[in-house]
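J.: Protein sequence lines, in the order shown, are assigned to chains A and B.
Position 68, counted from 1, in the first sequence is what the working numbering calls 260; the numbers after and before it change by one each time, with no gaps.
Position 434, counted from 1, in the second sequence is what the working numbering calls 458; the numbers after and before it change by one each time, with no gaps.
Keep in mind that a hint or two might mislead.
[As the list claims (entries may be wrong)] Footprint (simulated), chain A over chain B, 3 or more residues, beta carbon under 8 Å: (1) 112-119; (2) 144-151; (3) 464-472.
[As the list claims (entries may be wrong)] With a cut-off of at most 20 Å between alpha-carbon atoms, the simulated SDA-like pairs for lysine to any residue come out as follows: (4) A:Lys341 x B:Asp487; (5) A:Lys519 x B:Ser216; (6) A:Lys278 x B:Ser438; (7) A:Lys509 x B:Ser216; (8) A:Lys252 x B:Gln379; (9) A:Lys519 x B:Met490; (10) A:Lys519 x B:Asp487; (11) A:Lys374 x B:Asn214; (12) A:Lys484 x B:Asp487; (13) A:Lys347 x B:Gly217; (14) A:Lys437 x A:Ala337; (15) A:Lys484 x B:Pro78; (16) A:Lys278 x B:Asn225; (17) A:Lys299 x B:Gln379; (18) A:Lys519 x B:Val218; (19) A:Lys374 x B:Leu430; (20) A:Lys476 x B:Gly82.
[What the hints assert, rightly or not] Facing chain A, a subset of chain B residues (Cβ under 10 Å, in silico): (21) Glu174; (22) Gly191; (23) Gly351; (24) Asp382.
Derived by calculation from the structure, the hints in this document are not laboratory data.
C-beta: ideal position from N, C-alpha, C; glycine also.
Each chain is listed here by its residues.
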Amino acid sequence: MFKKSFAMVALVLLVCVGFTASSQGAAYPSRPLEIVAPANPGGGWDAMARTINRVLEIEKLYPQPVSVLNKPGGGGAVGMAYINAKKGDDYELVVYSPPLIINTINKTFSQPYSTLTPLAKLITDYQVFIVKADSPYKTFKDLMAAVKKNPNAVKFAGGSSPGSMDHLAFCKVAKLAGINAKDLSYVAFSGGGEALTTLLGGNVAFVSSGTGEVLTHIQAGTVRALAITSGERRGGPLKDVPTLKELGINTTYEVWRGVFGAPGMSKDAQAWWGNTIKKMVTTKTWKESLEKLQWVPAYEDAAGFAKFLKGEEKSYKELMTDLGFAK
Amino acid sequence: MDFLANFWSNVTLGFGVAVTPFHLLLCFVGVFLGTLIGVLPGIGPMTGVALLIPLTFGLKPNAAIILMAGIYYGAMYGGSTTSILVNTPGESSSVVTCLDGYEMAKKGRAGQALAAAAIGSFIAGTFATLMLMLFGPWVAGIALNFGPPEFFSLMVAGLTVVTSLAGRSLVKALFATLFGLAIATMGIDNQSGVPRFVFNNPELMDGLEFLVVAIGLFALCEVFVNVADLKGAVMERLNIKGSLWMSREDWKRFWPSCIRGTLAGFFVGGIAGAGAAVASFVSYGLEKKSSKHRDELGHGAIEGVTGPESANNAAAGGSLIHLLCLGIPGSGTTAIMLGALLMIGLQPGPLLFIQQPDFVWGLIASMYIGNAMLLVLNLPLVGMWVKLLDIPLYLLMLFIIMFSFLGVYTVNNSVQDLFLMVGFGVIGYLMKRLDIPAAPVILGIVLGKLMEEKMRQSLVISDGSMMIFISRPISLFLLLLAVVAITNPYWKQIGHGVRRLFGGAPAA
């Protein structure tokens, strides 16, 4: 009996030793991958993480199991703390979007965004400014004229806290139009859906929102999009929505999403992901998913992404310092 | 006439889609998995649907939504089971069910409690589906009248429930409510973006997780109390007394509370869009105010199970109206369903009924079928669940501990939450010893955050004028309702006084 169990233990040990030896010797990747979604299921970050997971699996791009871990809390702060604790682990990825920069500047995150290893920018979305179908503001010019006249009286709503994306997107526009963004009256809701209900109920004048959440209402004609923050006109139901540039305000606002490695990711792993992501964004599964979720492809490699992030940091810092949100 | 003809052609279309062998199978798989998810604490409907989304890849839209909806209301169904058996709420909307459900179990009436919950859920779910079918778009239109001021006033009316949750002392209940409201202020303030009571701890930035507090105060507290009281009696059991099935007296008490719970739940969830947890509390308060057996509530009254359980199912059905007719998710779970629908390539919203009638009506028909399946599936299970109680108390306590830890950990994958839960277990024990009721704490947490948010949103909209709450008719009506509810117990006394003053005959 004793002999038998001893043999078993020895066998197990042998297998373990063999396994670690092979995993150390083998090239990257030799272990399962974890993609951290720093939010609850249902939001944009979760959808992004799960889409990457799905494409890697269906297109057989990652030879080991892949899983998504939700680390919700603090607008991504919990996820940030988690990924920073995984320093040097090559098998941890995380997805983020502009709040990564915003929360670095307002110090909601205890670690700055620059601790992460940028791997690629993947997709983007834009903001639209929408009014209810029966609103007196027929064009963006009407709206801006009213805001200029009395910024406090024209209430606008969004699905995030003051000083976060929905708020800042319009502040950026207002500032360029010569309006003191501090005079604006912003009503914060916990989610784009709530903000939209408030608009449809006639409680606020307009809403600042990502395009995805309101597309169906634009199509149905229950709301009217007055302007979009993209550089060029979008297609489909958004084809009649003028860009800010066309309206004489020379700016854009991007709601990008990208993927990062844990702090201190090894050069080998970085190189492997550089190639793999490049391959991933050309696959049929990826393209189909983007189309379904109405995400705009915006792939940029690690170097391009890092440069882009620097630019974002600068632009947000200016805007947020003006508004008193920078710390 | 036209309306009716249209209606019938839609219903036939719907059942034509839903009653195919494959769709029936999916519906069954959905409600079965949903029931399991509901029974496991922590894995609430939201996580459950999210985990099972990969199952829907490759399915046609009709099939996918039938499966997901099945999981959703299956989970709403199963949530009450652990509340009743082990005092551990499976999800936020079954916390209230603990109050009388577990008391019933202690009295050996777990079978009746489980049956009342299942039948109440069935009736409420069917009612909500019927409403969705007949008046969906219309209800969605009314829902839009619920702006922040109306929401705030609804929360105020909801807070009056506290008097009904009070044990012997209203002062102690008020203390507990304030404790809950204080906890609700933790986390990033939605209106200013400023973190409050966060202590530089990222995991506290969204405030305390509601289930962490609830499971600590109810389930773990129960364990501590038992351990302290047990001494030699460790082999005791919660015996089942008499029949498992509801008696004629039970049925007589079941109906009124089921109807009240269903209507209240549909109003709160479908029209106000305030979610199933709020609905269950409102229904409990309503029972306390209008039930014939109000004095028994809190000591194992069947009304205390039927009302809230009916209400949370009616609310869940109601929030599907928001999803399908407006494309606006009314709860976390419907938000996930929205995401899954997008993946399938469907856009819920105002156009869905026109562009995809077979999809919408197929879903509605499958909800009828699913609700019926749930009833058939759950009633025989009652006997099995009740057997779980037929074990020595010390083993049951171990089960409670296991379920609590498992449940709380799966909410946020956080170890810190476990420590907090144990802390609240200790607080719960102290409160119990001091005779301070725990339920108002939960009510404070559920309502506090929303109430503050909605009040401040209203005040931004009105430039700081409080008049916004009384100048809008729905809001004014709800506030008056709150006043009536609070002053209700004193009317008789005032009446006495007035009569004596004017020399009338003193009332008996």
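J.: All hints are to be evaluated individually against the structure, with a verdict given for each.
T.: Verification of the hints:
With 0 residues having a beta carbon nearer than 8 Å to a beta carbon of chain A, the region 112-119 of chain B misses the requirement of three or more and the stated coverage is violated. Taking a C-beta to C-beta cut-off of 8 Å, the region 144-151 of chain B contributes 0 residues in contact with chain A, too few for the three needed, and the coverage statement is violated. Counting residues of the region 464-472 of chain B whose CB falls under 8 Å from any CB of chain A gives 0; the rule of at least 3 is not met. Note on lysine 341 of chain A and aspartate 487 of chain B: the hinted pairing holds, with a Cα-Cα distance of about 17 Å set against a maximum of 20 Å.
Proximity of lysine 519 of chain A to serine 216 of chain B is assessed by CA-CA distance (about 14 Å); at most 20 Å being required, the pair is judged to hold. Taking the CA atoms of lysine 278 of chain A and serine 438 of chain B, the gap is near 15 Å; set against the 20 Å cutoff, the hint holds. For the hint pairing lysine 509 of chain A with serine 216 of chain B, the CA-to-CA distance comes to about 18 Å; that is within 20 Å, so the pair holds. This hinted pair does not check out: lysine 252 of chain A and glutamine 379 of chain B have alpha carbons roughly 36 Å apart, beyond 20 Å.
The hinted pair formed by lysine 519 of chain A and methionine 490 of chain B fails the criterion: a straight-line CA distance of about 33 Å is larger than 20 Å. This hinted pair does not check out: lysine 519 of chain A and aspartate 487 of chain B have alpha carbons roughly 28 Å apart, beyond 20 Å. Proposed proximity of lysine 374 of chain A and asparagine 214 of chain B is supported: the alpha carbons are some 18 Å apart, at most 20 Å. Between lysine 484 of chain A and aspartate 487 of chain B, the direct Cα distance comes to roughly 41 Å. Violation of the 20 Å bound is thereby established for this hinted pair.
At roughly 18 Å between alpha-carbon atoms, lysine 347 of chain A and glycine 217 of chain B fall within 20 Å of each other, so this suggested pair holds. About 17 Å separates the Cα atoms of lysine 437 of chain A and alanine 337 of chain A, which keeps this hinted pair within 20 Å; it holds. Note on lysine 484 of chain A and proline 78 of chain B: the hinted pairing holds, with a Cα-Cα distance of about 16 Å set against a maximum of 20 Å. Proposed proximity of lysine 278 of chain A and asparagine 225 of chain B is supported: the alpha carbons are some 18 Å apart, at most 20 Å.
Using a Cα cut-off of 20 Å, the hinted pair lysine 299 of chain A and glutamine 379 of chain B is violated, with the two alpha carbons roughly 46 Å apart. Our distance criterion of 20 Å between C-alpha atoms is met by lysine 519 of chain A and valine 218 of chain B, whose separation comes to about 12 Å. At most 20 Å may separate the alpha-carbon atoms for a hinted pair to count; lysine 374 of chain A and leucine 430 of chain B exceed this at roughly 47 Å. Taking the CA atoms of lysine 476 of chain A and glycine 82 of chain B, the gap is about 15 Å. The hint holds against a cut of 20 Å.
Annotation: interface hint on glutamate 174 of chain B holds; nearest CB of chain A at approximately 9 Å, less than 10 Å. Given hint, glycine 191 of chain B at the interface with chain A, is violated; its Cβ is 33 Å from that chain's nearest Cβ, farther than 10 Å. Proximity of glycine 351 of chain B to chain A holds as hinted, the smallest CB-CB distance being about 5 Å (cut-off 10 Å). Annotation: interface hint on aspartate 382 of chain B violated; nearest CB of chain A at approximately 18 Å, more than 10 Å.
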